[in-house]
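J.: Quick mapping for you: the protein sequence lines, in order, are chains A and B. For the first sequence, the numbering used here assigns the number 350 to the initial residue and increments by one for each residue that follows. For the second sequence, the numbering used here assigns the number 2 to the initial residue and increments by one for each residue that follows.
Calculated from the structure, these hints are not laboratory results. Nothing here was measured: the structure is a model prediction, and the numbers come from that model. All C-beta atoms in this analysis are idealised placements derived from N, C-alpha and C, irrespective of residue type, glycine included. Take the hints with a grain of salt, since some may be wrong.
Residues of chain B placed beyond 12 Å of chain A at every Cβ, according to the derived structure [unchecked claim]:
| id | residue |
| --- | --- |
| 1 | Asp71 |
| 2 | Asp84 |
| 3 | Arg97 |
| 4 | Ile199 |
| 5 | Glu237 |
Reference listing, derived: stretches of chain B covered by chain A, where coverage requires no fewer than 3 residues with Cβ under 8 Å from a Cβ of chain A [stated by the list, open to error]:
| id | segment |
| --- | --- |
| 6 | 64-70 |
| 7 | 87-94 |
| 8 | 99-105 |
| 9 | 112-119 |
| 10 | 186-192 |
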Amino acid sequence: MPLLFTYSLRNLRVRKLTNALTAGGMALVVFVYAAVLMLDTGLEKTMASTGEENNVIFLRRSAEVEIQSVIDRRQASIIEGEPELMIGQEGIPLVSKEVVVMIALPGSDRSRTRSITTRGVGPRVLALRPQVKLTVGRMFVPGSSEIVIGGRFEGIEIGSQIRFAQREWQVVGRFDAGGSGFDSEIWGDSEQFMQAFRREVFSSVVVRLADPEAFSKLKARLESDPRLTIEAKRERRFYEEQSNTLSGLIKVLGITLSTLFSLAAVIGATITMYAAVAMRKREIGVLRALGFRQLSILAAFLAEAMFLGLAGWAAGLTLASFMMQVKITTLNWTSFSELAFPFVLTPRIVLQSLLFALGMGFLGGFLPAVQAARMKIVDALRAI
Amino acid sequence: MTSQRSPDAHSGDDVLIALRGVSKAYRRGKEVVPVLSDIGFDIRRGEFLALMGPSGSGKSTLLNLIAGIDNPDSGSIVVGGNDITRLPEASLADWRAANVGFIFQFYNLMPVLTALENVELPLTLTHLGRRERRDHALLALELVGLSDRIKHFPSELSGGQQQRVAIARAIVTDPTLLVADEPTGDLDRQSAEEVLTIMQRLNREMGTTIIMVTHDRRAAEHAKAIMHLEKGELAERVELRRE
Ligand SMILES: Nc1ncnc2c1ncn2[C@@H]1O[C@H](COP(=O)(O)OP(=O)(O)O)[C@@H](O)[C@H]1O
Ligand SMILES: [Mg+2]
Numbered sequence: 350m351p352l353l354f355t356y357s358l359r360n361l362r363v364r365k366l367t368n369a370l371t372a373g374g375m376a377l378v379v380f381v382y383a384a385v386l387m388l389d390t391g392l393e394k395t396m397a398s399t400g401e402e403n404n405v406i407f408l409r410r411s412a413e414v415e416i417q418s419v420i421d422r423r424q425a426s427i428i429e430g431e432p433e434l435m436i437g438q439e440g441i442p443l444v445s446k447e448v449v450v451m452i453a454l455p456g457s458d459r460s461r462t463r464s465i466t467t468r469g470v471g472p473r474v475l476a477l478r479p480q481v482k483l484t485v486g487r488m489f490v491p492g493s494s495e496i497v498i499g500g501r502f503e504g505i506e507i508g509s510q511i512r513f514a515q516r517e518w519q520v521v522g523r524f525d526a527g528g529s530g531f532d533s534e535i536w537g538d539s540e541q542f543m544q545a546f547r548r549e550v551f552s553s554v555v556v557r558l559a560d561p562e563a564f565s566k567l568k569a570r571l572e573s574d575p576r577l578t579i580e581a582k583r584e585r586r587f588y589e590e591q592s593n594t595l596s597g598l599i600k601v602l603g604i605t606l607s608t609l610f611s612l613a614a615v616i617g618a619t620i621t622m623y624a625a626v627a628m629r630k631r632e633i634g635v636l637r638a639l640g641f642r643q644l645s646i647l648a649a650f651l652a653e654a655m656f657l658g659l660a661g662w663a664a665g666l667t668l669a670s671f672m673m674q675v676k677i678t679t680l681n682w683t684s685f686s687e688l689a690f691p692f693v694l695t696p697r698i699v700l701q702s703l704l705f706a707l708g709m710g711f712l713g714g715f716l717p718a719v720q721a722a723r724m725k726i727v728d729a730l731r732a733i
Numbered sequence: 002m003t004s005q006r007s008p009d010a011h012s013g014d015d016v017l018i019a020l021r022g023v024s025k026a027y028r029r030g031k032e033v034v035p036v037l038s039d040i041g042f043d044i045r046r047g048e049f050l051a052l053m054g055p056s057g058s059g060k061s062t063l064l065n066l067i068a069g070i071d072n073p074d075s076g077s078i079v080v081g082g083n084d085i086t087r088l089p090e091a092s093l094a095d096w097r098a099a100n101v102g103f104i105f106q107f108y109n110l111m112p113v114l115t116a117l118e119n120v121e122l123p124l125t126l127t128h129l130g131r132r133e134r135r136d137h138a139l140l141a142l143e144l145v146g147l148s149d150r151i152k153h154f155p156s157e158l159s160g161g162q163q164q165r166v167a168i169a170r171a172i173v174t175d176p177t178l179l180v181a182d183e184p185t186g187d188l189d190r191q192s193a194e195e196v197l198t199i200m201q202r203l204n205r206e207m208g209t210t211i212i213m214v215t216h217d218r219r220a221a222e223h224a225k226a227i228m229h230l231e232k233g234e235l236a237e238r239v240e241l242r243r244e
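So that you can see chain A by itself, here it is in the shape it has in the complex (with noise of 0.2 Å):
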């Protein structure tokens, strides 16, 4: 390293107390900022893998979510009989025509409800969602007042009856859907579905394609089909789509939030290192007389403004990096279920907040740095 940013850098050990502080208030910053950023990725991670990439789903055209969509039996028979779907093991197509109502079930504290996705599934579900898997009793037999339920409930026995839709459901199985949105989710047959929320339509119908090719093809056959009011989403780009509204609220909610408190710390830093330029005058009319340019004293005190933002970042992403132990539960605003995800740690996030710092380091020290450069010589050095 240059001599001279030696310098800077060891200046920064001579008071520890003040320079920890600032250090300190650019580290919560940067936690706040890494945190958000954390948040929406986990977000959007758990979002895109409750889409299986080979799978279509079809809502009622302009349906953005599906309990606004419906799709009648007779549509849902068409869409079944098509060519492109993938055949499953028993001659049959892999179809599921899914039925979602959002009911009300009584907290673990009881004292608050928790609004709750309910989905009824075709029979052939667990194949049409390879990530959805049984880890603990069966599957509900068809037919039948039976329910599997999402690997977030873990508060619930299997064995035990939950009511709802004037029903006692008997729980016969958990499944573990990958931490994706399903694990949320409270599954069972969807006919028996349909007759206990007295509904005659589907909200809408999944379907898995034998080559991911065909999706275009079929989209623009079965929209323009006179027969049918349907409109075809690769699954995985409809449950992204579910979290912008969320995702956008964290963001704006994060970023204003990081801007109030970066604009704090880089006044803080600014006055830190107003107090060390003051300090150090008769240092800087030295250097300035050894031959060191205006310029190279600049750069001399924006490495140590950047090195307090360097050492911010590291202390606020550590703090950060404590957060991956968590798990937000929250209601999901665009489809109004309740939904879980984790805050995600990535080489990008790392990379941001590290510019983040680094920049706010960069303002704070700018305008000292310019005043610190700008002495006169022999002021400097007449400096006590």
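Go by the hints and put chain B with the ligands onto chain A.
T.: Here is chain B with the ligands on its own, set in the frame of chain A:
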């Protein structure tokens, strides 16, 4: 710098520095305080000049002008054929790095750097590589008798030792000109004597031109000539010995 002739030099000697009509005033609010008025003289290569005069007579100001860290209001200062008053700041900084060594009253070492690093610092402005920089710095410290203190920080050294590190820092680039502003002003008699002896040796053995501001008669007697400044004007010049 080689022995270029200054165009302004009027003597046949090898003139290093030629001042002509140099004036400088400081503004204190609305009041203008004249410090130097119409100073003109030559300094030959290899000179060891002591600049004396009462406090506030403008000694430091004159030294700073010659060393290129301050600008006169009028007049020219030609050093080795270059009028340094016409150089833009960045070029002037490069000129100082290559040609001038500084010794201050209060040593002015960088507290966070070791003795060796302090001496190496001005070498980072040269084209020397890492190894050469270290070797040069070690040599300069040896010259001032501090080879056993290279890892020490300034706070771990006595005043006299710090000033000797400062001298090593000033000479490590092998400058044409060494300027010293009250270099013994903060030292006890014995340390002062050591520092002055080193300066004398540099002047005699390496031919370094030295200008030293002092108000200490005994310090001044180590020089080859003494020049007196009074109220911003040159009063008299005394030659102590000629070789
Ligand atoms: N940067 C400055 N701003 C204002 N006045 C100054 C400045 N430097 C020197 N002076 C004034 O100029 C005069 C000469 O100063 P100086 O050259 O330091 O004298 P000396 O070194 O002979 O004691 C003094 O009156 C001093 O107060
Ligand atoms: Mg003085």
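J.: None of the hints should be skipped; say for each whether it holds.
T.: These are the hints, each one checked on the structure:
At the 12 Å boundary, the C-beta of B:Asp71 falls inside the reach of chain A, the nearest C-beta of that chain being 5 Å off. Once the 12 Å rule is applied to beta carbons, B:Asp84 is consistent with being away from chain A; the minimum gap is 18 Å. Not every CB of chain A lies more than 12 Å from the CB of B:Arg97, the least distance being 4 Å, so the non-interface label is violated. Taking the minimum C-beta to C-beta distance to chain A, about 19 Å, the non-interface status of B:Ile199 holds against the 12 Å cut.
The claim that B:Glu237 lies off the interface holds: its Cβ sits roughly 27 Å from the closest Cβ of chain A, which is beyond the 12 Å cut-off. With a cut-off of 8 Å between beta carbons, the segment 64-70 of chain B has 3 residues touching chain A; three or more are needed, and the interface restraint holds. With a threshold of 8 Å between beta carbons, the proposed coverage of the segment 87-94 of chain B by chain A holds, since 3 of its residues qualify and at least three are required. With 4 residues having a Cβ less than 8 Å from any Cβ of chain A, the segment 99-105 of chain B passes the three-residue criterion, so the hint holds.
Under the rule that three or more residues need a Cβ within less than 8 Å of chain A, the assignment of the segment 112-119 of chain B holds, with 4 such residues. Interface restraint, the segment 186-192 of chain B with chain A: violated (0 residues with C-beta to C-beta distance below 8 Å; minimum three).
Violation of the numbered hints given earlier is confined to hints 1, 3 and 10; the remaining hints are satisfied by the structure.
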